[in-house]
Amino acid sequence: MWGEIFNMDNPLVGADNTWVLWAICAAGAAGAIYLEQKYTWAAKASGAIVALVMALILSNLGIIPTASPVWDTVWNYVVPLSLPLLLMQCNVRDMGKDSLRLLGIFLCGSVGTMVGALIGFAVLGNFIPELNALAGVFTGTYIGGSVNFAALGEAFGVTGEMLSAATVADNLLMALYFFVLVMIPGINFFRKHYKHPHQDAVEAGTADKDSEGTAAAAYWGRKEISLKDIALAVAVAFVIVAVSSIVADFLAGVIPTSNPVLSMLNTLFGNMYLWIATISMICATAAPGFFGEIRGTNEMGTFLIYLFFFVIGVPASIPLIVRNSPLLLVFAAIVVIVNMLFSLVLGKIFKFDLEEILCASNANIGGPTTSAAMAVSKGWTKLVGPCLIVGTIGYVIGTYCGLIIGSLLGAA
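Remember, this note's numbering sits 30 above the position in the sequence shown when you count from 1.
Be aware that one or more of the hints could be misleading.
To be verified - 20 angstroms max Cα-Cα, derived EDC-like pairs, lysine to aspartate or glutamate:
id: 1; residue 1: K222; residue 2: E233
id: 2; residue 1: K412; residue 2: D230
id: 3; residue 1: K68; residue 2: E329
id: 4; residue 1: K74; residue 2: E233
Said to hold, decoys possible - Each pair of labels, with its calculated beta carbon distance range:
id: 5; residue 1: S293; residue 2: E191; range: 26 to 32 angstroms
id: 6; residue 1: K68; residue 2: S437; range: 50 to 56 angstroms
id: 7; residue 1: G134; residue 2: S293; range: 22 to 28 angstroms
id: 8; residue 1: I93; residue 2: I149; range: 34 to 40 angstroms
id: 9; residue 1: E184; residue 2: I312; range: 45 to 51 angstroms
id: 10; residue 1: R325; residue 2: S194; range: 18 to 24 angstroms
id: 11; residue 1: V375; residue 2: E184; range: 31 to 37 angstroms
id: 12; residue 1: A57; residue 2: E184; range: 35 to 41 angstroms
id: 13; residue 1: E184; residue 2: E329; range: 37 to 43 angstroms
It should be emphasised that the hints constitute simulated quantities derived from the structure, not laboratory data. Computed from a prediction, not measured in an experiment: that's the story for all the values here. Virtual Cβ for every residue (Gly too), placed ideally from N, Cα, C.
Starting from the given sequences, assemble the full structure and let the hints guide the process.
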C-alpha cells in the first residue's frame, strides 16, 4: 500500500538521472539559504532544517530516490572538500581546550548511548528479532556514527533483512534528531538553564548590522572577494583532502590490526577526516597571514555543507519504516533519548556550554560530519574543528562499545 501511494520503488526522478538530481540538490540548498535569510520562521528553524525537510518530503513523496550515486558523491567528495574551507581560519592554539571539553561531554553521552541500548533491549527484546545483536550495532553507530554500522552488523552476523530495516530506522531518526538539536538553542528553557556563549557571540555579531532580512542575512552579508581568493580556496581544499586521503590510506595499510590496541590506532589514524582537520588547522596556525587572508572560504564551505544537509534528509523513508519495522524506530528513539538526557543532565552538572552539549550529542548520533555541519549552520565556528576531532575518536570507541553491549546481551 505505502509503495503504491508514495511510489518509493520507482521515483519520478531515477537514481541514475545525475544532472536532474544535482539540480534538485543544489536548488534545495540554495532555496534553504534564501528562505533562512528572508523569513523569520525559516531563520528560527535554520536553513539546515529547511533543506533537510525539503529532501525528506521529496523522497517520501516518491519524487527523488532514497539512494543514488549523486548522494554518495556528496558524502564522499563534497563534504570532505567543505571541511578545509571551513577550517582555514581555525588556529590550533585555540582548539586544545575546546576539544578536551567537547571530548568530556561526548564521553558522557557515550555512556548514555550504552545505557539506552540496555533499556531498549529490556523493553523490546521480546518483540524484535536479533535485538541483542542490533543493540550492539546501534550502540556503535550512536557513539561513533554510521561508519560503525556495517562493521558491527557483520561482526554479529545480523541478517541482511534486519540490517536493512535498522539502516532505515537509523537514517530517519538521525534526521529527526538533527531537527531537535538545531531547534534547542532557540528554546527559552534551555537558554535560561544553560550557558550559551557561542550563540551569544553570533547574535552579538549580527545585532549591529543593518539588514532587510533575518539575523542570518546579516551574518552572511556581502563581502569583498576576488578571483584569486576563489582559486586559492578551492585549490587548497583539494590539496588538503588529497594529502589527507593519501596519509590515511597509507597508515591504514601499514598499521597492523593484530590486537585491540593496534586495531584502535589503525581506525583512528587511518581515518581521512582526522587528517583533514589536523592538516587544515596546522596550516591555519603555521601560516595565518596566508590562509587567514583568503576571502570567501566560510561562504563556499557553508554552501557545500548545505548540500550535505539536503542529502541527510533523503534516506529518511517513513513508508519503509511503517512497512518493515516500526518497533526498530522505537528502539532507536529510546537509545537517542537516553543519550540526550545523559548529555543534558551531566552537561548541566559539569557546567558545559549548551553548544558543546549539542555538538557532542550530534557527534555521538551522526558522527563528525553532521556535528561539524551543525556547528557551521549555527555559526559556532570555534567548535567546527573540535567536532571533527572528537567525532573521529568516536569512530574508534564506538566499535568497542558496540562489541561490549552486543556480547553482554548474548549476541554471537
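Open item on the list: For the hint 50 to 56 angstroms, verify it against the beta carbon of K68 and that of S437.
Closed with: With a Cβ separation near 53 angstroms, K68 and S437 satisfy 50 to 56 angstroms, so the hint holds.
Whether the CB-CB distance between A57 and E184 falls inside 35 to 41 angstroms:
holds (38 angstroms)
Margin query: For a C-alpha distance cap of 20 angstroms, please report whether K412 and D230 respect it.
Written below: It holds: about 13 angstroms lies between the C-alpha atoms, which stays within 20 angstroms.
Worksheet item: Would you say the C-beta atoms of V375 and E184 sit inside 31 to 37 angstroms of each other?
Response: Hint holds: Cβ distance 34 angstroms, inside 31 to 37 angstroms.
Notebook entry, point to check: Straight-line Cα separation of K222 and E233 no greater than 20 angstroms?
Noted result: Measuring from Cα to Cα gives roughly 16 angstroms; hence the hint holds.
Are I93 and I149 spaced within 34 to 40 angstroms by their CB atoms?
Holds: the Cβ-Cβ distance is about 38 angstroms, inside 34 to 40 angstroms.
Requested in this report: Confirm or reject the claim that E184 and E329 have a C-beta distance inside 37 to 43 angstroms.
Outcome: holds (41 angstroms)
Taking 22 to 28 angstroms as the stated bounds, is the beta-carbon spacing between G134 and S293 within them? At roughly 25 angstroms between Cβ atoms, S293 and G134 fall inside 22 to 28 angstroms, so the hint holds.
Evaluate the given range 18 to 24 angstroms for the C-beta pair formed by R325 and S194. Hint violated: Cβ distance 46 angstroms, outside 18 to 24 angstroms.
So the hint says 26 to 32 angstroms: do the beta-carbon atoms of S293 and E191 match that?
Taking Cβ atoms as reference, S293 and E191 lie about 29 angstroms apart, which means the hint holds.
- Please test the hint of 45 to 51 angstroms on the beta carbon pair from E184 and I312. This hint is violated: roughly 35 angstroms between Cβ atoms.
_Between the alpha carbons of K74 and E233, is the straight-line distance 20 angstroms or under?_
holds (13 angstroms)
Checked against the numbered hints given earlier, the structure breaks hints 9, 10 and satisfies all the rest.
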